[in-house]
Every structure is written in C-alpha cells, then in structure tokens.
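**Q** The residues making up each chain are set out below.
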Amino acid sequence: MVRPDGESAWERLLAAPGPRGLIARGAGSGYGDCAQDAGGIVALTDCPHPTIDIDVGEGTVTVDAGVRLRDLMQRLVPSGWTLPVLPGTTEVSVGGAIAADVHGKNHPTAGAFSACVEQLRLLTPGLGPLEVSPQEEPDVFWATVGGLGLTGVIRSARLRARRLQTAWMVSTDRVAANLSSVLQLLAEGRSGDHHVVAWLDAHRGGTSLGAGVVTTAREAAIADLPARRRTDPLSYPPQRALPIPAFGRSVVRPAAVVVANRAKWVLAHAHPRSRVMPLASVLHPLDAIRAMPGLYGRRGLVQYQFVVPAGSESVLENALSLPRRAGCPPALAVLKMLGGADPAPLSFPQPGWTMALDFPAGAPGLAAVLDVLDEQVAAAGGRVYLVKDSRLRPDLLEAMYPGLRRWRVVRDVVDPDHLMNSDLNRRLNLAGRREAS
Amino acid sequence: MKDGVGRMQTVLVVGGTSDIGLATAEALLAGVGGTLILAGRESDALTDAAARMARDRRTVRTLSYDAAYSAEAVGAMVRRAAAYGSDLDAVLICVGSLGEQARLDDDPVAAEESLRANMLGPATATHAAALVLAEQGHGVVVVLSSVAALRPRREILAYSAAKAGLDAYARGLAEVFAASGVRVIVVRPGQVRTKMTAGLPDVPFTVDASHVASAIRQGVLSSAQVVYVPAVLRFVMMALRALPGPVFRRMMANNKRAPATSDSRR
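Just so you know, the protein sequences line up as chains A and B, in that order.
Heads up: the first sequence at position 390 corresponds to 390 in this note's numbering, and the numbers run straight through without jumps.
Heads up: the second sequence at position 190 corresponds to 190 in this note's numbering, and the numbers run straight through without jumps.
Think of the hints as simulated: they come from the structure by calculation, not from any bench.
Errors might be hidden in some of the hints.
Residues from chain B that face chain A, not an exhaustive set, calculated with beta carbons under 10 Å [stated by the list, open to error]:
#1 Gly4
#2 Asp87
#3 Gly137
#4 Leu221
#5 Ala224
Using C-beta positions, here's what the derived DEER-type ranges look like [stated by the list, open to error]:
#6 A:Pro19 with B:Leu243: 48 to 54 Å
#7 A:Pro416 with B:Ala224: 41 to 47 Å
#8 B:Glu112 with A:Phe247: 51 to 57 Å
Even for Gly, the Cβ is constructed at its ideal location relative to N, Cα and C.
I would like the entire structure built from these sequences, with the hints used as guidance.
**A** Below is the structure:
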C-alpha cells in the first residue's frame, strides 16, 4: 500500500507499477474486492490537505478525488450547498463515488452520481493526464464513470452543487403489508425531489412477503422547522457513529435479526406522521453504523444488490423467498426505484427496481441461492451491482452489462498494457484476458 | 480469484490422477465451473481423469509432470498452470505412492525412487507452487501428508519416513510464506479408500476420498494449518506418539488392524 504525494509521484507510480498492477483506493469502504490488488499496489488517494474549492458564482466545487463525501458535505452544507446525488453513506471518496457511479434515494429524478460530475482529471497509464467530461473525450469520461478504477487514477473532479435552504428533511414512514403495496408506495413517492426507500422485513413470508416500511423524504423549507431551529437552519453537526465492536464470530443471528426487524416495524406503526430530521440521518443512515460490518464477524458480510426492470417483480419475490427457504434469510433488505441509465457502459442504475440484501458471508447454502438469483436477474434483463459484488458468476457478466465490449475498447486505449488491475477485475475478467498459450 | 463466499476459480492438482486430489478439486470448485489443471505423467489415466472432471461449465487442462522433475521444471509447470486461469487459487500436492516395503528393503534403487516420489518430488513442488502464489500475493497450497508421518514404521519405512520429511518441510514453508499472503496447509489422513487400497482391509478410522475432500475444504475456509481426517486422529496420534518405542512396535506387530498404519492413495 502506498500513498503517493504529488503529481510526479503519481506519474512515476503509473509508469512502472510492477507485474501485478495498481489500483487506487479512496475511503476503502467497498464491500467487495474492487479496491484490492493481491500482490500488486494499492495506492491511497487521501492526503492531509486536500483541495475543496467552492465556486459560488458557478455553483460548482472542485475537489480532490480522495476527499470523503462526509468532509465535503461538512464544507458545503453550512454554506448553503449540497450535491444533487448522495449515496446512502458519506464514508466514500469522491473518486470512489465516480468509479462506482453511485446513486441515491432520488435516482428517478436526479440520476446517478455522474449527473453532478462536470469534469474530472484522470491520470491514465496509456495517455498520461487527461481532463475529461461529457463534452471532452466523452468515451473516456463515460468509461471512467462506473469504471471501477480500471481506466486510470481519478485525481480530482469538478462537481455541480445545488443550493440548500436547510440541513433538515421532512420524513414520513408508511407501513406496507406486502411487496405489491411497497412497490406502489415507492412508485407514488418518486414525484418531485423526493427521496424514497423501502426497508423490507425479509423474515416474513406467505401473504406478508415483502412487508416493510416505505420512507419518503423531502428537503425541509425554513417554514417546516420548529422555531428554535430557524435561526441556524444550515447547522450540520457531524453524525456520531455508534460504537460497534468487531466480533470474531458473527453476532447477526436469526433471532436477533427477527427481533430487530420487528422492532422497526412496530416503531413505524407508532409514528406514522411526518417528522423533521437532520439531512444526514435521513440520507445517510449507514454513517451512524459505520462499523456495522464488524457485527458479521471475521468472515464478514456479502451484499447482493441487483436491479430488474418493472414487470420482473417475480425476481424480487424470489430474492426474498429463496434465501428464506434455504435457511439463510438476509439480515437487511432494502428496495428502491431507479430511473433512466446514464451512457456509462459499466454503470449500475437502469430503470426498474433495485434490491440490496445483506447476508452473513458464512451462511451455508448462500452461494447456491445467489447463483440461482444471478441467472434470474440476467434473464430478466437486470444486473448485479459490481462495486458491491464479491461472488458474481463471471459467465453472466456480459449478459448483465452489454456495454462491456464497448468499455474494453476504451480501456485498451487508456491502459493498453493492463496496468490498472484489481482483484474484482481478476475474479470477473472485466478487462478481458489476453489468451495464454 | 477466490470469491466472497470462499469459492475458488482456478485449481491445480499436482499428481493429477489422485482420487483425493480430484475429489478435493471437485469440492473446491463446486458450482463455479472454473478452471481445473491436472498435472501428472502423460497417460490414459490422466486423460480419463480430465474427461471425467470436465462438466458443469468447467474448463479442464492437463500438464505434464513427474516427481523426478527438477525444481526449475516444476516452477515452469506451475507458471503455465497459473496462466490458464485468473491466478491459481489453490495448488493440491497429491504426489506419492505406497510401494511394497518388503521389496524396498532389498532394493536401495527402488527405495530411492520411493523417497523421491514421496518426499523430494512433492517437497520441491510445494516450494515452487508457494513461490508462484507469493508473486500473486494470495493462494493456498494443500500438501497431502499422512498420519504415518508422525510415527514412521518399519512396515512402510520409506513411505512414512518420506512423508515425515515432506510434512516437516511443508510446515516450515507455511511459516516462510505466511507474510506473503500464501497459506500452506498440511493434511494428515489415516487410511483412505482409493483405487490403490482396493483389496486392502479397512483399518480403524478408514475414510473415503470424499471425506478427505470435505475436510480439506473446511480447512481451507477456516484458518487451519494442519487437517486430520478423521479429526479424531489428532488425539489418537497424540497418544500413539507418546508410547515408548518397544511398546509401539509390539502393538503394531500384534495388531494388524491398528489405526493409522498406512495411507494408500493414488
């Protein structure tokens, strides 16, 4: 692991990274092996004094790739700015957010993270430093968005910011008795600038399959705030992370999960009205449980996130019922709606429903169940989210990402010697292997 | 590359016709397809094994290997195997043969051959494989030893003494390569029912190759360094090793059905 200091150090590194190649790592928050490179070099992009440059006139912010969204938001929000697209955790770097083309709970109206990227500076092994945007070198720009760090090292980006009135949101929880009412509430909630997400109780089956709580939230206006908050509506205190110890063995046991899920359900029943809540706790619930993977013990968790087009709701049902029947129900199940895809060949979001399931990695039978789901997702014209993947069947990659060949053509130009490499790339053969004799 | 649920993509079996090796490869690659490379003497048995294993979307290749190969030749063979897949996730060292000790007693040339087949050959292969895996920064070498390695006996002198040497060398290599991300696991089965033991009577704790395979898979998934099959042999051997020499020899001579006396595979 290295932390290159300055442009020339990065250029030297890219000139001769060694036989196992190089991958950049931002916050290191990926669930899988996207920022690992066994035997090779992991280059850290964070640095002690990063640039965060807000241009108030243009409404943009120029930021080093290693800056975490948490730190960026600490600067933006108190000055009345936010990003139009924010993922469920701010414990990711700007570079990581671009390389994964992350999305938020407002994807149908706001698009993926690429929607707020105006330009980025990319250090490529083949063509050296490049400034790319949807207008200049669009092929390289779109291959880098969602490109999992394999087109080069993202050094900085100019992001479009958006004006913000308050650091608060008005959030409403609604309970839904089964999957079809959850889907209906999700579809209704997407109007305006709403953020909509459903949490499902994956332990319920039969007629209650897919029962859950749908949360709809919008940015609060000053008038929505209680009087005592109106004097400083943009106050954005850092979110406190819960102290979660790392366990040797998984403490995510069926009984504990059932109790936790039921508790959430009952609490939603008890508070069906709208509440004014801090922006961060609505949009970034994962930040409070930053150390959450520690609960899953040494073997960790497997997150399975996929998207299927509308009309393939049976895959959603199977994703809930098959693991339950195999004795490995997910500890956490989240459902969202996605809108139109951007032009990036490896970007995950496409129109439809996206479901994210968290499993303890050691669960017996899990591997076989997820293999079956892979097939159903691919057959439905959907795909699995690569940045979160740790076990996808490699033979289904091309079916899920039809733009893969197009992406490889661009990648072969910016990195002809395949110097950018990661364990994810090796496992799924993203970049295409040169045939061994 | 090993995935998040512990499944492998590319496995090399050195001693590619070994029943235990093939059963273990099957267990490690279950449900993934993947790439399997069988290295062994060019023979119908090797071709047949490759044909048997080629199913469920799996690619099977064969490479020429012999226990008499030089360290250099073994290294080149492992490198070729690594180039077939996306890195080698596991290398199974299943080289060895039992031989008839009574014949070896009078034939130092045949005894030399046995020592080469059971110690020098597999030890060199283990070392070469660990070096290649260290360059990729990950992977596991599984070395088939035997409980006989813990207490060599005159009835299977060459075999058990060779296994003792291989076992000690492999455990040493495990330490040498620990920091490079490579694991070396030593497997010590009792007698295993394989095509080689056809006709031999079962001794206590005799197991099937599939039993050894699933124990190895468990060992690979956990952080085990030494795997006994069946697991209880860890304690049986502890007791047997504590016996004074004369007592041990009398026990073995009196009881032809004593446990852990031979390990026949291939």
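**Q** Look at each hint and say if it fits the structure.
**A** We went through each hint and held it up to the structure:
| no. | hint | verdict |
| --- | --- | --- |
| 1 | Gly4 | 3 Å, holds |
| 2 | Asp87 | 6 Å, holds |
| 3 | Gly137 | 3 Å, holds |
| 4 | Leu221 | 8 Å, holds |
| 5 | Ala224 | 14 Å, violated |
| 6 | A:Pro19 with B:Leu243: 48 to 54 Å | 51 Å, holds |
| 7 | A:Pro416 with B:Ala224: 41 to 47 Å | 43 Å, holds |
| 8 | B:Glu112 with A:Phe247: 51 to 57 Å | 53 Å, holds |
Of the numbered hints listed earlier, the single one contradicted by the structure is hint 5.
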